[in-house]
Amino acid sequence: MARVLTLSGSPSATSRTTRLLGEAARRLDAQHHQVTAVEVRRLPADVLTGSDIHHPAVTEIAELIREADGVVVGTPIYKAAYSGLLKCLLDLLPQYALAGKTVLPLATGGSPAHVLAVDYALRPVLSSMGAAHITPGWFVLDSDILATPDGATDLAPAAAIALDDLVNRFSAALGTSVG
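Going letter by letter, the sequence shown gives residues 1 to 179 in this note's numbering.
Some clues are possibly wrong.
Restraint-style ranges between C-beta atoms, simulated for each label pair [to be verified]: (1) A30 x H54: 31 to 41 Å; (2) D165 x P112: 28 to 38 Å; (3) T148 x E60: 25 to 35 Å; (4) S51 x D164: 33 to 43 Å; (5) L141 x G84: 32 to 42 Å.
Source of the hints: derived by calculation from the structure; they are not laboratory data. Since the structure is predicted, the reported quantities are computational estimates derived from the model, not experimental observations. Idealized CB from N, CA, C, for every residue including glycine.
Required output: the full structure, derived from the provided sequences and hints.
Listed below in structure tokens is the structure:
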């Protein structure tokens with residue numbers, strides 16, 4: 001059906017954000033979307049902190065975005081804003097890298113005090129990058145995303161229901177934007 005890129009802006013190897021994106025990807029895959037995952041933390045630090053917009057790692061991600069019909073952007077919230085790691089990457093991408101894309105913003109954090117960061121910090125940047133449709137975003141408490149003993153992810157029941165709804169909305173929006 002549609003090609004979707006998940007983009008994790010978490011610097012952590014044990015990231016709840018990446019786990020949440022994995023759950024979104026699993027649901028999208030079940031709806032027959034082709035999902036590719038990118039973890040920004042895997043890029044070399046000197047690439048992210050440099051200004052080489054033509055570095056192969058940057059151009060590869062820009063190409064993955066260009067080829068995608070939709071992008072799910074996930075970030076932990078630190079000090080009421082999306083991660084600096086995600087910011088570093090977004091600054092290296094072309095100004096309108098998200099032009100024509102359907103985007104689902106997701107965020108995680110330890111306190112409900114950060115819930116507005118999705119709409120007041122992340123959404124304006126995604127919009128400025130040309131996203132055609134930004135579906136309703138969502139903030140999930142870290143405590144609602146658990147790792148099971150076998151390494152799988154277990155979402156709190158209310159979080160799982162909310163993610164189902166968000167993914168369905170995103171998928172429906174993709175259906176209208178895939179040409």
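To see whether the hints hold, each was checked on the structure:
1. A30 x H54: 31 to 41 Å: The hinted range 31 to 41 Å holds for A30 and H54, with Cβ atoms some 37 Å apart.
2. D165 x P112: 28 to 38 Å: Check failed, 19 Å falls outside 28 to 38 Å.
3. T148 x E60: 25 to 35 Å: With a Cβ separation near 32 Å, T148 and E60 satisfy 25 to 35 Å, so the hint holds.
4. S51 x D164: 33 to 43 Å: Distance hint for S51, D164 holds at roughly 41 Å.
5. L141 x G84: 32 to 42 Å: Because 21 Å falls outside the window, the suggested range is violated.
Hints 2 and 5 from the list above are not met by this structure, while the remaining hints are.
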